[in-house]
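Asker: Listed here are the chains, written in short residue letters.
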Amino acid sequence: MDEYNADIGIDRAFRALADPTRRAILSQLVAAPSRVTEIAAPHAISLNAVSKHLQILERAGLVERHRRGREHWFSFNQQPLQRAQSWVTETLEFWNSQLNNLEDYLQAQEKVSD
Amino acid sequence: MTEIAGNHRIEITRVFSARPEKVFAAWTDPQALTSWLCPFGNRLQVEKLDLRPGGRYAMRMQGADGRDNLITGEYLVVDPPTCLEFTWSVEFLRAGADRSQEQKNSRVRIDLASDGAGTRLTLTHDRFSTKSAAADHRHGWEDCLEKLSAVTATNS
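Residue numbers (our numbering), protein chains in the order written: chain G, 1 to 114; chain R, 1001 to 1156.
Okay, chain G solo, but in the shape it has when bound (with noise of 0.2 Å):
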């Protein structure tokens, strides 16, 4: 991901986790995949205001919408949370293999020379 699209894709996700209802709405979502109606329940506000802020939600990758039937379902998308953890791990795991590469390499070079 080059760095422009990257720090698009994060002002995205900040500015959505930055409003409360959101913050309601998504971790509402974590509990369970819910429906609009669902969704609006708790807060006191028209299901217009919700589906706005159920965009925002998925415009910034946090929130994924399905299809089934006629009813929309949104659920929680752990995606950009596992991203900048996978690099972590995805690397760590690239190193340590090659460096158990690089001690197999230096142990043949020792038998042969000195």
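Hints should not be assumed to be uniformly reliable.
[What the hints assert, rightly or not] Residues of chain G placed beyond 10 Å of chain R at every Cβ, according to the derived structure:
| # | residue |
| --- | --- |
| 1 | Pro-33 |
| 2 | Ala-49 |
| 3 | Lys-52 |
| 4 | Asn-101 |
[As the list claims (entries may be wrong)] Cβ-to-Cβ under 7 Å is the rule here; a few derived chain R residues that face chain G:
| # | residue |
| --- | --- |
| 5 | Ala-1005 |
| 6 | Ile-1010 |
| 7 | Arg-1014 |
| 8 | Phe-1016 |
| 9 | Pro-1020 |
| 10 | Leu-1033 |
| 11 | Ser-1035 |
| 12 | Tyr-1075 |
| 13 | Leu-1123 |
| 14 | His-1125 |
| 15 | Arg-1127 |
If you are wondering where the hints come from, they were derived from the structure by calculation, not from laboratory data. Note that the structure is a prediction, hence the values are computed from the model and not measured. Where a beta carbon is used, it is the ideal one built from N, C-alpha and C, also for glycine.
Chain R: place on chain G using the hints.
Answerer: Here is chain R on its own, set in the frame of chain G:
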């Protein structure tokens, strides 16, 4: 072997029985690199290696799994036998690869110190090579991740 990980930095320390000069040579001699720097089943070709600060390198890593990566970078520090630092960018050459996963301008640093007759090697890999890029990302992501953890924690 110790590992330290932050959001954007990993650090690995290992001890080798070879002398620092030998370990440093393994990292800087094209023939040596071809022998060990490649994941299992992959082939490495060193296309260019200009070993001096500001000098560039290019290595092609190809694998049986179809991977075809071009790794390029610039040497920042060349201090035999104690320190080698270089940028590390990966380009996926295979058609259809997910290029959003490519690594751009990360930074790798190798510190070598005598350890008895052997060498203690510390490898540090920073996801971002410039302080400002790292700071922007760190500020954005850490705040994001904190808020996200708070949200997910209340529901797990």
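Asker: It remains to establish, for every hint, whether it holds in the given structure.
Answerer: Now for the hints, and whether the structure bears them out:
1. Pro-33: Its Cβ never comes within 10 Å of chain R, the nearest being 12 Å, so this holds.
2. Ala-49: Consistent with the label, Ala-49(G) stays out of reach of chain R, its closest Cβ about 19 Å off (over 10 Å).
3. Lys-52: 19 Å, holds
4. Asn-101: 4 Å, violated
5. Ala-1005: 5 Å, holds
6. Ile-1010: Because about 5 Å separates Ile-1010(R) from the closest Cβ in chain G, which is inside the 7 Å limit, the hint holds.
7. Arg-1014: It holds, given that the least Cβ distance between Arg-1014(R) and chain G is near 6 Å, below 7 Å.
8. Phe-1016: Result: holds, 6 Å to nearest chain G Cβ.
9. Pro-1020: 11 Å, violated
10. Leu-1033: 10 Å, violated
11. Ser-1035: Holds. Min distance 5 Å.
12. Tyr-1075: Hint violated; Tyr-1075(R) Cβ to chain G Cβ min 18 Å, cut 7 Å.
13. Leu-1123: Holds. Min distance 6 Å.
14. His-1125: 5 Å, holds
15. Arg-1127: Holds, because the Cβ-Cβ distance from Arg-1127(R) to chain G comes to roughly 6 Å (cut-off 7 Å).
Hints 4, 9, 10 and 12 from the earlier list are contradicted by this structure; the remaining hints agree with it.
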